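Visitor: So the sequences go chain by chain: G and S. Per my numbering, the very first residue in the first sequence carries number 1; after that it's consecutive. Per my numbering, the very first residue in the second sequence carries number 600; after that it's consecutive.
Worth flagging that the hints you see were computed from the coordinates, not collected in a lab. Quantities reported herein were computed from a predicted structural model and do not represent experimental measurements. It is possible that part of the hints are untrue.
List time: in silico EDC-like cross-link candidates among lysine to aspartate or glutamate, alpha-carbon distance up to 20 Å [to be verified]: (1) Lys768(S) x Glu468(G); (2) Lys291(G) x Asp677(S); (3) Lys23(G) x Asp677(S); (4) Lys218(G) x Glu468(G); (5) Lys193(G) x Asp248(G); (6) Lys23(G) x Asp618(S); (7) Lys635(S) x Asp144(G); (8) Lys780(S) x Asp800(S); (9) Lys316(G) x Glu280(G); (10) Lys15(G) x Asp719(S); (11) Lys780(S) x Glu323(G); (12) Lys780(S) x Glu747(S); (13) Lys416(G) x Asp496(G).
If you only want the chain G side, here are some residues facing chain S, beta carbon under 8 Å, derived [to be verified]: (14) Pro24; (15) Gly29; (16) Glu31; (17) Phe32; (18) Val240; (19) Ser244; (20) His247; (21) Pro279; (22) Ser299; (23) Tyr545; (24) Leu548.
Short, incomplete list of chain G residues facing chain S, as computed with Cβ under 7 Å [to be verified]: (25) Lys15; (26) Val28; (27) Gly61; (28) Asn242; (29) Ile246; (30) Ala288.
By construction, the Cβ of each residue, glycine as well, lies at the ideal position given by its N, Cα and C atoms.
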Amino acid sequence: MKILENKEVYDDTIKHILEHVEKPARYVGGEFGIPKFDKKNPLKTCLVFPDIYEIGMSNLGIKILYEVLNNKDDVICERCFAPWLDMGAELKKHSIELFSLETKTPLKEFDFLGFSLQYELIYTNILYMLELSKIPFLATERGDEYPVLIAGGPCSVNPEPYADFFDIISLGEGEDTISQIADVCIVNRGNKKAIIEECSKIPGVYVPSIHLERMKGKKLVVKPVVKDLDIAPYPLSPIVPNLSVIHDRPVLELYRGCFSNCRFCQASFFYRPVRIKKPETLLKQAEALIKNTGCEELSLSSLSTGDYPFLEPFLKELIVLAENNKIQLQVPSLRLDSLSQELISHTRKTSSLTFAPEAGTQRLRNVINKNITDEDIENTMKIAFNMGYRSVKLYFMIGLPTETDEDLLGIVEIIKRVKNLYFEFTKRRDINIHVSTAVFVPKPLTPFQWAGQISMREMKRRGQFLREEIKNIKGVKFNWSDERSSFLEAVFARGDKNLSKVIIKAYENGAKFDSWTDQMNFEAWEKSFKQCDINPMNYTKEIGYQELLPWEFIDFGVSDNYLKSEYEKSKLGITTEGCKRKCSGCGANKLAKCSVENN
Amino acid sequence: MITIKHTKDSTAKYVSHLDMQRLLMRAIKRAGFIPKYSMGHNPHPILKMSPPIPLGVASEAEYFSVAIEHENAAGFMDSLNLFLPTGVQCINSWKTERMPRITRYATATTYVVESIYSSDGDIIAEFLQEPRKYSFKDNIVNNSFIRELGKSSLICTLPTGHQNVRIDKFIESMNAILNTKLSISNAKKLSLLLSVEKIIDTDVYLSEMQNGDRYN
Numbered sequence: 001m002k003i004l005e006n007k008e009v010y011d012d013t014i015k016h017i018l019e020h021v022e023k024p025a026r027y028v029g030g031e032f033g034i035p036k037f038d039k040k041n042p043l044k045t046c047l048v049f050p051d052i053y054e055i056g057m058s059n060l061g062i063k064i065l066y067e068v069l070n071n072k073d074d075v076i077c078e079r080c081f082a083p084w085l086d087m088g089a090e091l092k093k094h095s096i097e098l099f100s101l102e103t104k105t106p107l108k109e110f111d112f113l114g115f116s117l118q119y120e121l122i123y124t125n126i127l128y129m130l131e132l133s134k135i136p137f138l139a140t141e142r143g144d145e146y147p148v149l150i151a152g153g154p155c156s157v158n159p160e161p162y163a164d165f166f167d168i169i170s171l172g173e174g175e176d177t178i179s180q181i182a183d184v185c186i187v188n189r190g191n192k193k194a195i196i197e198e199c200s201k202i203p204g205v206y207v208p209s210i211h212l213e214r215m216k217g218k219k220l221v222v223k224p225v226v227k228d229l230d231i232a233p234y235p236l237s238p239i240v241p242n243l244s245v246i247h248d249r250p251v252l253e254l255y256r257g258c259f260s261n262c263r264f265c266q267a268s269f270f271y272r273p274v275r276i277k278k279p280e281t282l283l284k285q286a287e288a289l290i291k292n293t294g295c296e297e298l299s300l301s302s303l304s305t306g307d308y309p310f311l312e313p314f315l316k317e318l319i320v321l322a323e324n325n326k327i328q329l330q331v332p333s334l335r336l337d338s339l340s341q342e343l344i345s346h347t348r349k350t351s352s353l354t355f356a357p358e359a360g361t362q363r364l365r366n367v368i369n370k371n372i373t374d375e376d377i378e379n380t381m382k383i384a385f386n387m388g389y390r391s392v393k394l395y396f397m398i399g400l401p402t403e404t405d406e407d408l409l410g411i412v413e414i415i416k417r418v419k420n421l422y423f424e425f426t427k428r429r430d431i432n433i434h435v436s437t438a439v440f441v442p443k444p445l446t447p448f449q450w451a452g453q454i455s456m457r458e459m460k461r462r463g464q465f466l467r468e469e470i471k472n473i474k475g476v477k478f479n480w481s482d483e484r485s486s487f488l489e490a491v492f493a494r495g496d497k498n499l500s501k502v503i504i505k506a507y508e509n510g511a512k513f514d515s516w517t518d519q520m521n522f523e524a525w526e527k528s529f530k531q532c533d534i535n536p537m538n539y540t541k542e543i544g545y546q547e548l549l550p551w552e553f554i555d556f557g558v559s560d561n562y563l564k565s566e567y568e569k570s571k572l573g574i575t576t577e578g579c580k581r582k583c584s585g586c587g588a589n590k591l592a593k594c595s596v597e598n599n
Numbered sequence: 600m601i602t603i604k605h606t607k608d609s610t611a612k613y614v615s616h617l618d619m620q621r622l623l624m625r626a627i628k629r630a631g632f633i634p635k636y637s638m639g640h641n642p643h644p645i646l647k648m649s650p651p652i653p654l655g656v657a658s659e660a661e662y663f664s665v666a667i668e669h670e671n672a673a674g675f676m677d678s679l680n681l682f683l684p685t686g687v688q689c690i691n692s693w694k695t696e697r698m699p700r701i702t703r704y705a706t707a708t709t710y711v712v713e714s715i716y717s718s719d720g721d722i723i724a725e726f727l728q729e730p731r732k733y734s735f736k737d738n739i740v741n742n743s744f745i746r747e748l749g750k751s752s753l754i755c756t757l758p759t760g761h762q763n764v765r766i767d768k769f770i771e772s773m774n775a776i777l778n779t780k781l782s783i784s785n786a787k788k789l790s791l792l793l794s795v796e797k798i799i800d801t802d803v804y805l806s807e808m809q810n811g812d813r814y815n
């Protein structure tokens, strides 16, 4: 009975804590769609998302893996999100270990924890969650009594900066890998050494303690991909959150990969080859999602929805389905020129149109291979203004390779042209233009992975230069991203093994939730780099082809030579056509059949 | 028009009023029912809920009314029960011609407060015997009706509307006077009283509306 008493005290303490934190519904679970956990002696797994509930529950990857694991006969899978600062402090104060949403089990008691790493500036939150769970940071310091720690997600493109914290890293798409890891864990339960060893034999699994020869230029691990999305597991009855989350609607993934070859875009290369779902599959899945969630909206997801090969006939049928069920469609990043106006008018009426030319001049757009012409911009705006839009969001990057002040002035020119077009069309001047600029971050697995990033001082100068030019244009709002975030993002995107100690130091010095602008504690980072005697600027410099890249041991399908030739072409301002009409030869089709080849 | 009485406890007691509204609407649609939508430029489903209670307080007497194309209120309730999250369960249902005016007529809320223990020993017993002797701030007690339930629990009826007494404020006052460490998780809403000609329980109001259309 002693245990029960303790359990009651424990529950009471949690109840007490929940009264003192913002949005307690984040921490209690109980949502519709949680499976019944009635399996006998199952493998206990937990997916861990190092950011808050509202962000994590908007993530498709988590939903897919949750589905895959809970569908296994002898596995249960729960969720845990990073507690916001108030909850973290309360947990610490009352010595309550971080617990899962579903059964309120402390993380330490699971067989394995699967961390989903979506962006670089969240690495300190791994440590934040481990500390709250009383789990040691370094894999080498954790014995059999601790769960096996697995990392995966987009940040697996370069796992080196955080590799020391994990036993196993699942590269690329995790739906097959996680299932195989679970199988290994079941067979070798309790024997962590055997689990890690066996897992290293699973395709797409990188084990830092076994793959020791990674800085010798050889490809040691190949990125796994889902071969056929039409039959791949997909969450059709996802958990419906009890509180409003960032993307509060079910998601229908149209295809993976991208038909465009923008040279700065990591996602484009990371998710190759292109694999599309058939319209029949999509319509079936859409219907199930609408019925099973009861949500008011459905959103379509892919890297460029306008490029989905069967978009027009598919949308026609989807719109009928949406109207019958009285739901609205959210269609992101649509290229207006690729769709008839009739179809667009059926999608959710957003108050503003979003458009991303990325660079201000044709020259620079050729360098980055964003194949949009001034004419395209003009045509899109004309269509939008015809439809009654009076608010436009424009996205640009600053600090792109070879960028000059002339390119920045090109951004100003575009803004002015959009404004004039609006006046020509409507004879009114009540347009709102929101201009957002992000600083270019060279990312692994892109043709710009060798390029340098401009200094923080230069980021500031270019931002201010633009602001001065823009501030006198009426109706235009301008914001630019925090230069400290952009700098740290570049450091950790291309960082190496040495950075794990900096992450630990930074966490000890008070850094966490670094991706939240208001939480960014740059002083902590500066201090930590100094304490570790590491100059972060070394990671943002241009890299020579002869240097070995920390992620070079991973075979992502896309060949190094292809990336090199794209980088060389960019220096000459030569563009590469998108893959829609003709394969551009990136090499990713060796992993699985690429839908481009079907066209 | 169908009105449902439901619980809001366990994990659901942490769901805010606004989130609850969305949650109920989604459950109704999952259960396969098509709500009627309001007319106008921006049609929205017709759903009205009883007045909000503070976050973290459990309840066994929440109500919502929905305009729905369904004849059988009990059948609706049974189906809906399969599609609700933890802590929300329908316990009664009524079918009425018109939208019940629960929020408009709401006059008092009854709560049970349990596990009242104090380091001051006898003070609890004394208080429970004659609560009016104790001067709570803002006249909270004088405006409320309190009766003893057992040695360590009480039932209080707190006014809503103009002289609204919130259960969390009530508990705060109790803690100040009695040196207790009560929190809102010690309280649970039992019923909602309406002032329609006389003071009656919402259940009675709804049944009379259903049977005789008395308040239509």
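Visitor: Hint by hint, say whether it matches the structure.
Guide: Results for each hint:
1. At most 20 Å may separate the alpha-carbon atoms for a hinted pair to count; lysine 768(S) and glutamate 468(G) exceed this at roughly 52 Å.
2. Distance hint between lysine 291(G) and aspartate 677(S) is fulfilled; the C-alpha atoms sit about 18 Å from each other, no more than 20 Å.
3. The straight-line distance between the Cα atoms of lysine 23(G) and aspartate 677(S) is roughly 30 Å, outside the 20 Å bound, and the hint therefore fails.
4. With a C-alpha separation of about 49 Å, the suggested pairing of lysine 218(G) with glutamate 468(G) is violated against the 20 Å cut-off.
5. Between lysine 193(G) and aspartate 248(G) the alpha-carbon distance is near 41 Å, which puts this suggested pair outside the 20 Å criterion.
6. Of the supplied pair hints, the one linking lysine 23(G) and aspartate 618(S) holds, its CA atoms being roughly 11 Å apart against a limit of 20 Å.
7. Restraint check for lysine 635(S) and aspartate 144(G): not satisfied, since their Cα atoms lie roughly 58 Å apart, outside the 20 Å limit.
8. Restraint check for lysine 780(S) and aspartate 800(S): the C-alpha separation of about 31 Å exceeds 20 Å, so the hint is violated.
9. For the hint pairing lysine 316(G) with glutamate 280(G), the CA-to-CA distance comes to about 13 Å; that is within 20 Å, so the pair holds.
10. With a C-alpha separation of about 24 Å, the suggested pair lysine 15(G) and aspartate 719(S) falls outside the 20 Å cut-off, and the hint is violated.
11. A threshold of 20 Å between alpha carbons decides the hint, and for lysine 780(S) with glutamate 323(G) the separation of about 53 Å lies outside it, so the pair is violated.
12. Taken as a hint, the lysine 780(S) and glutamate 747(S) pair is honoured in the structure, with Cα atoms around 18 Å apart against an allowance of 20 Å.
13. The hinted pair formed by lysine 416(G) and aspartate 496(G) fails the criterion: a straight-line CA distance of about 43 Å is larger than 20 Å.
14. A distance limit of 8 Å between C-beta atoms decides the matter here; for proline 24(G) the minimum to chain S is near 4 Å, and the interface restraint holds.
15. The beta carbon of glycine 29(G) comes within 6 Å of a beta carbon in chain S, closer than 8 Å, and the hint placing it at the interface holds.
16. Nearest Cβ of chain S to the Cβ of glutamate 31(G): about 5 Å, under the 8 Å cut. The hint holds.
17. Given hint, phenylalanine 32(G) at the interface with chain S, holds; its Cβ is 4 Å from that chain's nearest Cβ, closer than 8 Å.
18. Hint on valine 240(G) holds. Least Cβ distance to chain S is approximately 6 Å, under the 8 Å limit.
19. The beta carbon of serine 244(G) comes within 6 Å of a beta carbon in chain S, closer than 8 Å, and the hint placing it at the interface holds.
20. The interface hint given for histidine 247(G) is broken, as the beta carbon of that residue sits about 14 Å from the closest beta carbon of chain S, more than 8 Å.
21. Because the smallest distance between the Cβ of proline 279(G) and any Cβ of chain S comes to about 24 Å, over 8 Å, the interface hint for this residue is violated.
22. For the restraint placing serine 299(G) at the interface with chain S, the shortest Cβ-Cβ distance is roughly 15 Å, beyond the 8 Å limit, so the hint is violated.
23. Nearest Cβ of chain S to the Cβ of tyrosine 545(G): about 54 Å, over the 8 Å cut. The hint is violated.
24. Checking leucine 548(G) against chain S: minimum C-beta separation of about 51 Å lies over 8 Å; hint violated.
25. Taking 7 Å as the C-beta cut-off, the interface hint given for lysine 15(G) holds, the closest approach to chain S being about 5 Å.
26. For valine 28(G), the interface hint holds, since its Cβ comes within 7 Å of a Cβ in chain S; the closest pair sits about 4 Å apart.
27. A least Cβ separation of about 23 Å between glycine 61(G) and chain S goes past the 7 Å threshold, and the interface hint is therefore violated.
28. Because the smallest distance between the Cβ of asparagine 242(G) and any Cβ of chain S comes to about 5 Å, under 7 Å, the interface hint for this residue holds.
29. With its C-beta approaching chain S no nearer than about 14 Å, isoleucine 246(G) sits outside the 7 Å limit, and its interface hint is violated.
30. Of the supplied interface hints, the one on alanine 288(G) is violated, with its beta-carbon coming no nearer than about 12 Å to a beta-carbon of chain S, more than 7 Å.
Taken one by one, the earlier hints fail for this structure at numbers 1, 3, 4, 5, 7, 8, 10, 11, 13, 20, 21, 22, 23, 24, 27, 29 and 30, listed in ascending order.
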